[in-house]
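Student: Chains as they are written, first to last, in our numbering: chain A, 24 to 224; chain B, 24 to 224.
Incorrect hints may have been included.
To be verified - Mimicking EDC-like on lysine to aspartate or glutamate, the simulated pairs with C-alpha atoms at most 20 Å apart in a straight line are: (1) B:K163 x B:E65; (2) B:K178 x A:D103; (3) B:K219 x A:D127; (4) A:K219 x B:E65; (5) A:K178 x B:D103; (6) A:K178 x A:D113; (7) A:K178 x A:D103; (8) A:K163 x A:E65; (9) B:K163 x B:D26; (10) A:K163 x A:E42; (11) B:K219 x A:E164; (12) B:K163 x B:E140; (13) A:K219 x B:D127; (14) B:K219 x A:D103; (15) A:K163 x A:E152; (16) A:K219 x B:E164; (17) A:K163 x A:D127; (18) A:K163 x A:D26; (19) B:K148 x B:E42; (20) B:K178 x B:D113; (21) B:K178 x B:D127; (22) B:K163 x B:E152; (23) B:K163 x B:D113; (24) A:K148 x A:E42.
Stated by the list, open to error - The following label-pair restraints were derived from C-beta to C-beta distances: (25) A:R141 x B:G207: 21 to 27 Å; (26) A:G200 x B:Q209: 40 to 46 Å; (27) A:L115 x B:G67: 44 to 50 Å.
Claimed, not checked - A few chain A residues that don't get close to chain B, going by computed Cβ distances all over 12 Å: (28) D33; (29) V38; (30) I39; (31) G67; (32) D68; (33) E77; (34) D103; (35) A108; (36) L134; (37) I149; (38) L150; (39) A155; (40) K163.
These are calculated hints, taken from the structure and not from any lab test.
Small disclaimer: the values here were computed from a predicted structure and weren't measured.
Don't be surprised by glycine CBs; every beta carbon is placed ideally from N, CA and C.
There are 2 protein chains.
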Amino acid sequence: MSDPVICGVDFDDFVISMEEFHGYRSPGILFGGLMIEASLHELGDTPYLNVVTETVVCLPDAVQLLTPCTIGNGFLQMIDWGKFALTCYDRLSLSGVRVWLNPDALGGYPLVRQWFERSSHKKEKILFEALAAEILVAAKEAISQRPVHLHRSLKESQSVPTGRCPGCGESYPLHLGPACPACGDQAYYFYQAPTKQATRD
Amino acid sequence: MSDPVICGVDFDDFVISMEEFHGYRSPGILFGGLMIEASLHELGDTPYLNVVTETVVCLPDAVQLLTPCTIGNGFLQMIDWGKFALTCYDRLSLSGVRVWLNPDALGGYPLVRQWFERSSHKKEKILFEALAAEILVAAKEAISQRPVHLHRSLKESQSVPTGRCPGCGESYPLHLGPACPACGDQAYYFYQAPTKQATRD
Chain A
24 MSDPVICGVD
34 FDDFVISMEE
44 FHGYRSPGIL
54 FGGLMIEASL
64 HELGDTPYLN
74 VVTETVVCLP
84 DAVQLLTPCT
94 IGNGFLQMID
104 WGKFALTCYD
114 RLSLSGVRVW
124 LNPDALGGYP
134 LVRQWFERSS
144 HKKEKILFEA
154 LAAEILVAAK
164 EAISQRPVHL
174 HRSLKESQSV
184 PTGRCPGCGE
194 SYPLHLGPAC
204 PACGDQAYYF
214 YQAPTKQATR
224 D
Chain B
24 MSDPVICGVD
34 FDDFVISMEE
44 FHGYRSPGIL
54 FGGLMIEASL
64 HELGDTPYLN
74 VVTETVVCLP
84 DAVQLLTPCT
94 IGNGFLQMID
104 WGKFALTCYD
114 RLSLSGVRVW
124 LNPDALGGYP
134 LVRQWFERSS
144 HKKEKILFEA
154 LAAEILVAAK
164 EAISQRPVHL
174 HRSLKESQSV
184 PTGRCPGCGE
194 SYPLHLGPAC
204 PACGDQAYYF
214 YQAPTKQATR
224 D
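Bound-form chain A, shown alone (with noise of 0.2 Å):
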């Protein structure tokens, strides 16, 4: 079998390049890759192309290093709702394909099975390697797609009004209230010494 090739990219520097982003050679982002060209073979043409992504975990990273869409960008966006989904849509049609890890269809696909069940988290971790190629003859039987309309963009597209905050003098959007989230007490942090100018030399 020649190396497969994924949304055009050759499967080696696939791997080499989530290594690179992503920190270490991902399942998630191999199999998320492969849904990703499923879902763009169905889709065809798409101009205005966005995906959004129902986890935050691995896809969202297969995305941005297979299509042009960033989380930054806003053409990616994320649902936080745990599952192995995405869709990629056109933003002007609202048209789109969503695909998904199908879980009935990893019966003789052990190695995936343990993965995406992460039944092994106790015991051996498993080897990419053997993972990998499990994942690329797997995919055409556990990847699931669906011709789909979406309900509205997710990408927002206009900007809002900011002003200052009272609080802290910093900018904010002011229909989050009469103060920015941080000082009216959602703050993640708490400050331990005074402010301070960057110095660059």
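Using the hints provided, position chain B relative to the given structure of chain A.
Tutor: Chain B only, in chain A's frame:
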């Protein structure tokens, strides 16, 4: 003046990498890169680096380009507060340095001010080259920083029990309720054709 280096990356290379990843030359990513550099410089050696951005726009991509933290590996977290601020921290010690753009320091930097206040939206687009040159000078004054301690780590490290959704049969985290969010009436999509398996030729 020699070409600046941001988090160890030459300015020109950084601009190319943001075009490739983010899709265009982004003043927000450039400013974000300088904020990350200021935070890491103050924080010092950080064996377990995590970053939290207080906006979903631009800054997450600066983090993903310049640090090992990505949204998919969980070391980058985002809070959708619409604040141009981020905190680099050690996820074990929970000590970090929060950095933010100080709007009071933009008086001498009209292009940065226009960009940050989006006051040129209806007028001509500011040229990236001119804005970038001003950002590089403004950073020293306009980036404020302060040591912080986090209340808790923002990276979820516990895996949660999952099960099959009685509606769609897909796997989902059981703590979300008796059915997955999509079957529980939160779906962002509706189906247009039957499910099928992906095909790879």
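Student: Going straight from one Cα to the other, do K219 (chain A) and E164 (chain B) come out at no more than 20 Å?
Tutor: 10 Å, holds
Student: Is the straight-line distance between the alpha-carbon of K219 (chain B) and that of D103 (chain A) 20 Å or less?
Tutor: With a Cα-Cα distance of about 25 Å, the restraint between K219 (chain B) and D103 (chain A) is violated, given a limit of 20 Å.
Student: Is the Cα-Cα distance between K178 (chain B) and D103 (chain A) 20 Å or less?
Tutor: Given pair K178 (chain B), D103 (chain A) holds - Cα atoms ~13 Å apart, limit 20 Å.
Student: Minimum C-beta separation from L150 (chain A) to chain B exceeding 12 Å: can you confirm that?
Tutor: Given that every Cβ of chain B is farther than 12 Å from that of L150 (chain A), nearest at about 20 Å, it holds.
Student: Verify this label for me: I39 (chain A) is non-interface relative to chain B, using a Cβ-Cβ cutoff of 12 Å.
Tutor: For I39 (chain A), whose nearest Cβ neighbour in chain B is about 15 Å away, the distance exceeds 12 Å, so it holds.
Student: CA of K163 (chain B) to CA of D113 (chain B), is that 20 Å or under?
Tutor: Roughly 24 Å separates the two Cα atoms, so the pair is violated.
Student: Has the given pair, K178 (chain A) with D113 (chain A), been kept, meaning a C-alpha gap of at most 20 Å?
Tutor: 11 Å, holds
Student: Given the hint that K163 (chain B) pairs with E140 (chain B), does the C-alpha gap stay at or below 20 Å?
Tutor: 19 Å, holds
Student: Does L134 (chain A) sit more than 12 Å from chain B, CB to CB?
Tutor: 17 Å, holds
Student: Take the C-alpha atoms of K163 (chain B) and D26 (chain B), compute the straight-line distance between them, and say whether it is at most 20 Å.
Tutor: 16 Å, holds
Student: For a C-alpha distance cap of 20 Å, please report whether K148 (chain B) and E42 (chain B) respect it.
Tutor: 17 Å, holds
Student: Just want to verify: D103 (chain A) was marked as not at the interface with chain B; is every Cβ pair farther apart than 12 Å?
Tutor: 9 Å, violated
Checked against the numbered hints listed earlier, the structure breaks hints 10, 14, 21, 23, 26, 33, 34, 35 and 40; every other hint is satisfied.
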